[in-house]
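What follows is each chain in one-letter form.
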Amino acid sequence: MSAVKLRGRVAAKLGDNIDTDLIYPGRFLNITDREKTGEHLFELAFPEIRSRIRPGDFLVAGKNFGCGSSREQATAAVKYAGVGAVIAAGFARIFFRNSINLGLPAVVSPEAAARVQENEEIELDLIAGTVTRLATGEVLAAAPLDPRAAELLAAGGLIPYLKKKYAP
Amino acid sequence: MGMTLAEKILARASGRERVRPEEIVVAAVDLALSHENADLVRKSFLEIGVARVWDPERIVIILDHRVPAESERTAATHKAIREFVHAQGIQHFYDVGRGGICHQVLAENGHVLPGMVVVGTDSHTTTHGAFGAFATGIGATEMAGVWTEGCLWFKVPSTLRIEVSGRFPPWVSAKDLILYIIGRLGADGADYRAVEFDGPTVRALSVASRMVLANLSMEMGAKAAFTPVDERLLDYLAARTGRTIPDSEDFAPDPDADYERVLRVDASRELQEPQVACPHAVDNVRPLSQVRGVPVHQGVVGSCTNGRLEDLEAAAEVLRGRRVHPRTRLLVIPASQQILLEAIRLGYIQTLIEAGAMINPPGCGPCVGVHQGILAAGETCISSTNRNFIGRMGSKDSQVYLASPAVVAASAVAGEIAHPEDILQQEVA
Chain A
1307 MSAVKLRGRV AAKLGDNIDT DLIYPGRFLN ITDREKTGEH LFELAFPEIR SRIRPGDFLV
1367 AGKNFGCGSS REQATAAVKY AGVGAVIAAG FARIFFRNSI NLGLPAVVSP EAAARVQENE
1427 EIELDLIAGT VTRLATGEVL AAAPLDPRAA ELLAAGGLIP YLKKKYAP
Chain B
210 MGMTLAEKIL ARASGRERVR PEEIVVAAVD LALSHENADL VRKSFLEIGV ARVWDPERIV
270 IILDHRVPAE SERTAATHKA IREFVHAQGI QHFYDVGRGG ICHQVLAENG HVLPGMVVVG
330 TDSHTTTHGA FGAFATGIGA TEMAGVWTEG CLWFKVPSTL RIEVSGRFPP WVSAKDLILY
390 IIGRLGADGA DYRAVEFDGP TVRALSVASR MVLANLSMEM GAKAAFTPVD ERLLDYLAAR
450 TGRTIPDSED FAPDPDADYE RVLRVDASRE LQEPQVACPH AVDNVRPLSQ VRGVPVHQGV
510 VGSCTNGRLE DLEAAAEVLR GRRVHPRTRL LVIPASQQIL LEAIRLGYIQ TLIEAGAMIN
570 PPGCGPCVGV HQGILAAGET CISSTNRNFI GRMGSKDSQV YLASPAVVAA SAVAGEIAHP
630 EDILQQEVA
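First to last, the protein sequences are chains A and B.
Using the numbering used here, the final residue of the first sequence is 1474, and nothing's skipped along the way.
Using the numbering used here, the final residue of the second sequence is 638, and nothing's skipped along the way.
Watch out, some of these pointers could steer you wrong.
[What the hints assert, rightly or not] No more than 30 Å apart at the CA atoms, straight line, and that leaves these computed lysine-lysine pairs for DSSO-like:
(1) K1471(A) - K252(B)
(2) K1470(A) - K605(B)
(3) K1342(A) - K252(B)
(4) K1311(A) - K605(B)
(5) K1471(A) - K364(B)
(6) K1469(A) - K288(B)
(7) K1470(A) - K364(B)
(8) K288(B) - K1319(A)
(9) K364(B) - K1469(A)
(10) K1319(A) - K364(B)
(11) K1469(A) - K252(B)
(12) K605(B) - K1471(A)
Think of the hints as simulated: they come from the structure by calculation, not from any bench.
Work out the full structure: start from the sequences and follow the hints.
So, in structure tokens, the structure goes:
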């Protein structure tokens, strides 16, 4: 992720308090290859979402997305299922940090969570903090990324960031 | 204006005179905890490409989620962790049979001291706020960053203060108090915030019970949660570290600290009976009388929330001379080897086994739904653990109710959700 603007389609719209057990069930925690986690995204509750995701699509959710366990596989599963960004009314803090660290943009926008619909095309501006509904041109407010998070996302996540810093 | 305890600790750890909520600081990490997901951390660390971890004395790895290994894949994970621990000279490694649940093992071995910054690749790392530490959960890649740099950035949280007064009625415990508070504030009621618990009711609690408050604060989104550093805690630490830790104003919030919100709870008035978190959310909390009689197939006493000696004691007290209901099974998982040993010495284990409970090896047990006690579709469990999300303990069509160990034990005897008093009124067989 290096672009500050991302365009995509909303593959699915989810409710409040989507926990990490729903995102990535505990039984698959012994899978430690990040790329393989995407195969089990939402496995117990709504596995049908996986087949709807085209690379770069977005997920839109309510408040407290990713609450519960610190399992990074939950974030990895979202990313490696092909999701380009998650927009939510709010994120649980560990999930938010995991997203930035794995290079998956996580955008806080209660307005977008309330108004954006499934299958809609939208554009995110991560630095300005906006979500634009492309069909109507309506611009919704989002929280701009703080500089630290923006720097990590721009590097593609924490691993490439530290790799450059310590082992160029 | 003074500082809250979270602000004080983060100021000290980031070399600042003072910090305010919303500021970003880079804090030195005093202790870095991982369990089986140390394997994920290891992989990210190797990808970064640094040869050595920042400080092998400050990293603690404790196997607890799948002990002993339940599959070849887990066995390979455990093996990879052991090899990495050896190669890096990591000093504090608790292998199968040497420890138990990571949070309990850290506590009982005196690893965590007041004023520390502790990070762990487990969301319930907030538990260590019971020792006056700023302790929070992080992901595996972030931990690889800590293993590399020994520091981490934090947004200074605002603080929610919860002052509790009044006495608990019989069979009401710290678990009921925190479930009640989570029910009031909601699953995101403390998101991104630090929580300070205080008041006479909190100060009267054992260290084990204080750990319950700090542990479950995670279920309302807390970044860190503290209970007071007092004589009782300092005595606990002295017994485990073999040295006296002098009290310090660094371990308490300033009297004029600025709180986002102060919540007061009168336990005598508001907590007249045990509380139960109903499926499928930890904030779906009801007084026990509203769910009495729900049939249960399995009871679980254990976990980082409620698998300590006082929890086994409460279960044993209810079960002494009684039998687990024929259509119900009861699993008991002591939180650590030390607790298991002590519970054997005190006769609790014998009482529990005679009642028909199965004792499982110290570890996370069925809480995380990976082995030992998985639920089938259509089954209901009452559990002293910390999460009741859909599919948490097995089938997506199973149900988990969260309650105190005493309520779990009483329900196991009744075969349905029951108050310990219901059981104790019956004559012992």
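So, going through the hints one by one against the coordinates:
no., hint, result
1, K1471(A) - K252(B), "18 Å, holds"
2, K1470(A) - K605(B), "43 Å, violated"
3, K1342(A) - K252(B), "14 Å, holds"
4, K1311(A) - K605(B), "38 Å, violated"
5, K1471(A) - K364(B), "22 Å, holds"
6, K1469(A) - K288(B), "26 Å, holds"
7, K1470(A) - K364(B), "24 Å, holds"
8, K288(B) - K1319(A), "41 Å, violated"
9, K364(B) - K1469(A), "24 Å, holds"
10, K1319(A) - K364(B), "29 Å, holds"
11, K1469(A) - K252(B), "13 Å, holds"
12, K605(B) - K1471(A), "44 Å, violated"
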